[in-house]
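Since chain C is already given, all that's left is putting chain A on it; use the hints.
Number of protein chains: 2
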Amino acid sequence: MSPKITTELLKQLRQVMKNPKFVQEPVQAYIVPSGDAHQSEYIAPCDCRRAFISGFDGSAGTAIVTEQHAAMWTDGRYFLQAAHQMDSNWTLMKMGLKDTPTQEDWLVSVLPEGSKVGVDPFIIPADQWKRMSKALRSAGHELVPVKENLIGTIWSGCPQRPCKPLITLDLSYTGVSWRDKIVALRSKMAERKVMWFVVTALDEVAWLFNLRGSDVEYNPVFFAYAVIGMNTIRLFIDGDRMRDPAVREHLQLDSTLEPEFQIQVMPYGSILSELQAVGAGLSPKEKVWLSDKASYALTEAIPKAYRYLTPYTPICIAKAVKNAAETEGMRRAHIKDAVALCELFNWLEKEVPKGTVTEIIAADKAEEFRSQQKDFVELSFATISSTGPNGAIIHYKPVPETNRTLSVNEIYLLDSGAQYKDGTTDVTRTMHFGTPSAYEKECFTYVLKGHIAVSAAIFPNGTKGHLLDSFARSALWDCGLDYLHGTGHGVGSFLNVHEGPCGISYKTFADEPLEAGMIVSDEPGYYEDGSFGIRIENVVLVIPAETKYNFKNRGSLTFEPLTLVPIQTKMIDVNLLTEKERNWVNEYHQKCREVVGAELERQGRHEALRWLLQETEPLARVQ
Amino acid sequence: MSPKITTELLKQLRQVMKNPKFVQEPVQAYIVPSGDAHQSEYIAPCDCRRAFISGFDGSAGTAIVTEQHAAMWTDGRYFLQAAHQMDSNWTLMKMGLKDTPTQEDWLVSVLPEGSKVGVDPFIIPADQWKRMSKALRSAGHELVPVKENLIGTIWSGCPQRPCKPLITLDLSYTGVSWRDKIVALRSKMAERKVMWFVVTALDEVAWLFNLRGSDVEYNPVFFAYAVIGMNTIRLFIDGDRMRDPAVREHLQLDSTLEPEFQIQVMPYGSILSELQAVGAGLSPKEKVWLSDKASYALTEAIPKAYRYLTPYTPICIAKAVKNAAETEGMRRAHIKDAVALCELFNWLEKEVPKGTVTEIIAADKAEEFRSQQKDFVELSFATISSTGPNGAIIHYKPVPETNRTLSVNEIYLLDSGAQYKDGTTDVTRTMHFGTPSAYEKECFTYVLKGHIAVSAAIFPNGTKGHLLDSFARSALWDCGLDYLHGTGHGVGSFLNVHEGPCGISYKTFADEPLEAGMIVSDEPGYYEDGSFGIRIENVVLVIPAETKYNFKNRGSLTFEPLTLVPIQTKMIDVNLLTEKERNWVNEYHQKCREVVGAELERQGRHEALRWLLQETEPLARVQ
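These protein sequence lines map, in sequence, to chains C and A. The first sequence begins at 1 in our numbering and counts up one residue at a time. The second sequence begins at 624 in our numbering and counts up one residue at a time.
Here chain C stands alone, though its shape is the one from the complex (with noise of 0.2 Å):
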């Protein structure tokens, strides 16, 4: 990796900091942040102005460009990557390190007094604007919404913004229906006394509808926005999408409905000017609800005594809880992304001893297994397959540069997925081709000790995830080892694979209530740097459990999985286990066996399932 030269990039940028065809009056600042306009965590090639400005294309980090300086702010995932990237005009801010300034402090230490600061009000979320502006404000400062993106009117190659053909999904896949959707979403609204819904994150919009897209790579989304009012619902999309039979027929576009389903189509670029109309016609008492990550272009647009601000949208709450459709749509894609895995590990038995299968050879060929399976779309996210020391990267994808061949000596760590049509899959297996050592079954058998002991937790109804985290560690901090990761986040339905707003993690206090129906991951590992990586995640669902006291009727909750691929049993060391979880083991490998057997027979993969079985004999009883 050579730094990108950006020189000349900055020299554009400071002019047009100036240039009064763009801002009001020169902002000494700039910012550029990551995300997009929806607060996505995945973006499509048109908003990566903050990787073009630098050359740093990691998912997470925010730029500054003041009239000397030019800042990257980023965490302990990119230092490396983003030391390599950029040239020497960028100094690098390692976020979490003690003294690294923050974004403010550093604005603050570097501005001449009276300093305006830019930012794209499209891309700063509401709430770091408040917090942002405040800062500057205290300081003498101001921060100041720039309409046009600078980055854009210097960036000459960019790509258009995709729009991409639209899926139409049925009840047999969403289980109810878009108006029903809306019914629901309105009654919410109806509690909450507001009158107006502006639903701005891609994948609310997408599961609203009950469409998808493919205008972000990994996430099956399209660029809209709605907003829903107790009698109007108004889509705010681009392109020849609303054209095809199947979308109009899907929307009933053309059929007569009761007014208050009638959808309005209106051009992506109209949002704020449609927003502001509403904003500007509310009588006292009309509220509008908006997430408090929403865009500050959006939020400003409604006067700040109608807001009704809620860091988790009713729709992002109802789509967490899976209905029966969507659950048996989680399980099928289940069983055929674990057909896939069982052909890859068992490809990858005879082949890795030949020396001859690289991590990207083993990434493609995972790919090349999901993509026979009905339904299949694309991946869920850019496939981890490391090997040896590669695999204590946690966020790892190879390149050629660090293309490692997969040995008979090292521990190969995979995590994948896919989107089918009827499901998101995620699932790590951390694997052994030759005869791992004492101390890797040893880690290997704390992580899956963590991993039973979440997934076999039994709750009370109505506990938070973060409750649960510290069980998947318990087993390794009796050793003295730990990882830097949260434990397991939301996954969506034929959506993003990571959603809200639950979660398992040290670090997530402000997730809501697991109840069932809610699907997460469960995945705790062990990193030892320079050596190996281990991680075991499955995908679990959130059901009912059966307790002696069932808390006063509260309700008891555990979690099944939905991943069904074998755990490496030559890794176990089985004299670390109690009884139950040997147990767990026996019975997690008779259902992958039962459950993903039956399928792979079902296919014709008859070596597939001699792998399988092998890799499913029972755990003895240590005497």
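Honestly, the hints are just simulated from the structure, not real lab data. Where hints are given, some of them may not hold.
Subject to a maximum C-alpha distance of 27 Å in a straight line, what follows is the list of computed BS3-like cross-link-like pairs (lysine-lysine) [as the list claims (entries may be wrong)]: (1) 816/A - 134/C; (2) 188/C - 717/A; (3) 193/C - 721/A; (4) 721/A - 552/C; (5) 134/C - 753/A; (6) 98/C - 816/A; (7) 116/C - 927/A; (8) 910/A - 134/C.
All figures in this text were calculated on a predicted structure; none of them were measured in a lab.
Showing chain A alone in chain C's frame:
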């Protein structure tokens, strides 16, 4: 309990709410919070204004009186008590129930337009003022500070503010001189670039100057403030207490010290004017450090731009980490406390079958045995002595109306503790003096398993206590049982029995990371309404742990029980314990035998020693 008749009092209060002698303009509502000017948990009789006006004397509650209404907000612990103690003038607002309005919402719903709401600015913490003021302003009302406390104006028999003699603590108790504490505080101030620190919490003043008092029952504190500058020390305190030669000597008031260690003693009531003078004399960039829980009055004395507010003060954090002298003192105090409880339980075993021991008699007897121990000062909280159904009332305190006789048929729960000059204790034991049922034993054993899971937990240095809370619940959860309180609180060293900033709770996310030297309680429980309560509580010290891999030198922590009182083995269903848990109980009891046994021997308490030996017989392995 008959309710207090408040008709006349409310009439008087409503008159002074309009009396220009006390209010600049009439106030349409007056708020009476629970606290004192130091945001103390336990308050002196002169500060029990809310109890005076309403009759309700629980530890938590806020009264609001308008021209037409009088309403009391309190939480689930006190619904019954408040309903009994208040007459029909009052509306009980049950906090935590879905339909109960917040104070702000209720005020907005009952007040005439443009009302003024008064409150004593010394009693309301700054953060509460901010929230309440904002809500009222946005509805067109105004929160106004009323300098003279209006309850004070109508409370003719109001007791005097206590002003009792002070106790000086020498280095053998405190480990660090007050001079060195000031030096350490100033170094923290320099780190944060603040010039002044205002000490508002009573236990922080007491800790800083190595002084104790007895102005508030159960808490060895005295009414005072302090303002620490980089070169000055001001102590605001009343009475003859500074004439005491021991105190003068301790504070070196008559010595020629370097000016920065000379303590200026000023009247308690002059804090506001002195702080206003400090505020008026600040140069740019000179900040003043206050707790964000300090009173609105004191916070307002410092212009906003000069305030540096934090949830925990540097004194709060330093005080939580006990040094070697404090730790040794706590150990001694807990041994003496165990001696007293061995005497008590031995006595109860003999007396309970006679049917003559009531909850109050048992509590008094516990105090009697404790008071025989060296350096005993007072109890550390009101003894919870509860049998049968009373045990299920978590904050129960026996009074003649509820006083129940202990019997061989009911579980007895005793939660009690004392202040000794060398340390503070807090211990709960649950005993059966007959034959417990299988269900009672089952529940007790789950609680014990939770207690052990926390006490024996190993975790990396820097872990926050709330991450350990679920360990205490896991065994209960597995059977569908739970308890609705946190698992532990910080404990002071001959100071408040509840202190921040650490704790173990599912509720507390603002807790500071645990570090070696911190002391917390470990007290899971189980409560069966109308039948019994179970709680097992030890005070435990955070100590370094030895682990195989030591978290890559981050360091390992665990707990050492300071409380050394037998856990009744009769209540344990040994079949439900793992081998590790059984060993924990046996090792714990072995330590009780050795340490407390030696002290019982030394004190010649042979009968209690016999009881201890019998109660600490090792649990046998189950076949």
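What hint numbers does the structure not satisfy? none
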